[in-house]
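Peer 1: Spelled out from the first residue to the last, the chains are:
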Amino acid sequence: MRAVPATEALRPARPGPAVVTLAVAAWVAASLAGLLLGPIDVPVRESIRALVDAIPLVEVGHGLSETELRVLYEIRAPRVFMGSLVGAILAVGGAAYQGVFRNPLADPYLLGVAAGAGLGATIGFGVGVDENLITILAFAGAIAAVAATYVLGRSMGNRTAAALILAGVAVSAFATALQTYLLQRNVETLRSVYTWVFGRLTTVGWGQVGGLVPYALLAVVLILIHRRSLDVLGVGDDEAAALGLNVDRVRWVVVLAATLATAAAVSVSGLIGFVGIIVPHTVRLMTSWSYRVIVPLSIIFGAAFLVAADIVARTVAAPAELPIGIVTAFVGAPFFLVVLRSVGRRA
Amino acid sequence: MIRWEAVKVAFPGDTVIGPVDIEVASGEWVAIIGPNGAGKSTLLRAAVGAIEHEGEVSFGNGARRPGIDVAWMPQRPNLPEEMSVADYALLGRTPYLGYLQSERAADFAATESALARLDLLEVAARKLATLSGGEAQRVVLARALAQESPVLLLDEPTSSLDLGHAVEVLDLIDELRRDRDLTVVTAIHDLTLAERFADRLILMSAGGVVAEGDGQSVLTPDLLRAHYGPGVEVVFQDGRPTVIPNRERKRQ
Chain A
1 MRAVPATEAL
11 RPARPGPAVV
21 TLAVAAWVAA
31 SLAGLLLGPI
41 DVPVRESIRA
51 LVDAIPLVEV
61 GHGLSETELR
71 VLYEIRAPRV
81 FMGSLVGAIL
91 AVGGAAYQGV
101 FRNPLADPYL
111 LGVAAGAGLG
121 ATIGFGVGVD
131 ENLITILAFA
141 GAIAAVAATY
151 VLGRSMGNRT
161 AAALILAGVA
171 VSAFATALQT
181 YLLQRNVETL
191 RSVYTWVFGR
201 LTTVGWGQVG
211 GLVPYALLAV
221 VLILIHRRSL
231 DVLGVGDDEA
241 AALGLNVDRV
251 RWVVVLAATL
261 ATAAAVSVSG
271 LIGFVGIIVP
281 HTVRLMTSWS
291 YRVIVPLSII
301 FGAAFLVAAD
311 IVARTVAAPA
321 ELPIGIVTAF
331 VGAPFFLVVL
341 RSVGRRA
Chain B
1 MIRWEAVKVA
11 FPGDTVIGPV
21 DIEVASGEWV
31 AIIGPNGAGK
41 STLLRAAVGA
51 IEHEGEVSFG
61 NGARRPGIDV
71 AWMPQRPNLP
81 EEMSVADYAL
91 LGRTPYLGYL
101 QSERAADFAA
111 TESALARLDL
121 LEVAARKLAT
131 LSGGEAQRVV
141 LARALAQESP
151 VLLLDEPTSS
161 LDLGHAVEVL
171 DLIDELRRDR
181 DLTVVTAIHD
191 LTLAERFADR
201 LILMSAGGVV
211 AEGDGQSVLT
221 PDLLRAHYGP
231 GVEVVFQDGR
241 PTVIPNRERK
251 RQ
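Which chain is which? The protein sequence lines are A and B, in order. Taking my numbering, the leading residue of the first sequence gets 1, the next gets one more, and so forth. Taking my numbering, the leading residue of the second sequence gets 1, the next gets one more, and so forth.
FYI, nobody ran anything at the bench for these hints, they're computed from the structure. Since we're looking at a predicted model, the values are computed, not measured. Some hints here could point you the wrong way.
Not the full set, but computed from the structure, chain A residues with beta-carbon under 10 Å of chain B [claimed, not checked]:
hint, residue
1, Glu8
2, Ala9
3, Leu10
4, Arg11
5, Ser229
6, Asp231
7, Ala241
8, Ser288
No residue lacks a Cβ here, since even glycine has one placed at the ideal position from N, Cα and C.
Using the sequences and the hints given, assemble the complete structure.
Peer 2: Listed below in structure tokens is the structure:
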């Protein structure tokens, strides 16, 4: 009799089939909507036929013009993929940071990624370089800021996670101060810098998508491999070490993967906020404390969330576009509060 | 067995313990006693790799695999609120799992038997946040037992238990020790419990070993007064030293 509840409880945490189906369905629905909706009018029915036609060995024919096909495949499709990649990276990066630092408010922005990228981009706009160079400067700024955080955090003597986070706060403040100074000196760049800072997936082509894929793969694979280690870290560094976990190695591998991928993502998309906090927490509140559940689901829900947010960004004020960072905050923050409240009532 | 050789732990500008040399034989139960701040917990932490140290800790097999050669029950464990009792105990199998592995049948069996041993099967699905202090302490012990290590280091394993449950848990540890020839080292504040259960007592004070041996030779009025102050007194119960509080001195 007594063994029954125990054997039921003795099961490694895994995402249930229902919630995985929901996550995939959400991503597929958001992606389809992203392909079919937009300021340029492309007939929806014919677009669907064209998409089905694109499946190998399926021939249904469609009535889309060359231009309409280009809107579908050269503008909307790369944008949907870019949204998926950036959303997945930001969400899984946030989940990874929260696990590694045992801090529910941690995400890669905390170690200087955001401020560094912002500074890099601001320098670029000030000098007046072209769009591609802005991306490279933003990436370099993000990496330089995180490297500074790492060196400073390590030099504080104790190798605790708190030292690293404090160093991140200091480096971010410094980079933001520099950025503000540069903006004051070059007021004419304010508009472009702010447009960049609040994020956009606009100028995306397949080339940029391809450039982001290796970083996304790196982060997703390394963090998935360490998802159980993140659970073990939940009992603290000392106990995790006593359970045979190489705490330092896990922490640095996960942080490096999440940081590198986030830096790559923000350098093309700008600073899209909230995704790294909201998506993992919503998943946690709805499913489980275990990173074996949170990590895989955050990847899929993160992709779905950002693709959906992008649809809102480019339709509500069409033909103008809202910065996607404003949408993620505007939609994400109240949604998160609703989840928090409903879970609070249930508990 | 477990051996500390010239083990020294130093924080910047401050030596906490050592150098300390202690050897505990297979199947032996040693209680580390001593006043607050004597270095008992630090000694145990050094042995499980939770704290950097000089000198060497070995387990008589040439290897040092934290989690496999030695299991540790911390004095102040972190108990993630949302985790269930079963999930927490399963963490004890971490040292046996590679990066890409999930728990296998052997891991579930070891965990279930640890939970059963400590009468925790009925609460296996409960969240850690809902447990009483005594239940939580048994859950932490269950995680250590699930590790199936030959050496068990227990830091104040009975601090949250009433005397009845404390004796029950220590009896159980003694039983396991005999069954599996475990080496048991407990840091423990209750001197009388230490004397009743351990084969040998080691008295630590100010980071070093100041006395060791059986209860008769360690729990002497002189040693206790020197290291615990005047508030303790030794009486003999059936010829065994028993430590009780003493307030007479203050009143006079």
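Peer 1: Of the numbered hints stated previously, which ones are contradicted by the structure, given in increasing order?
Peer 2: Going through the list in order, the structure violates no hint and respects every one.
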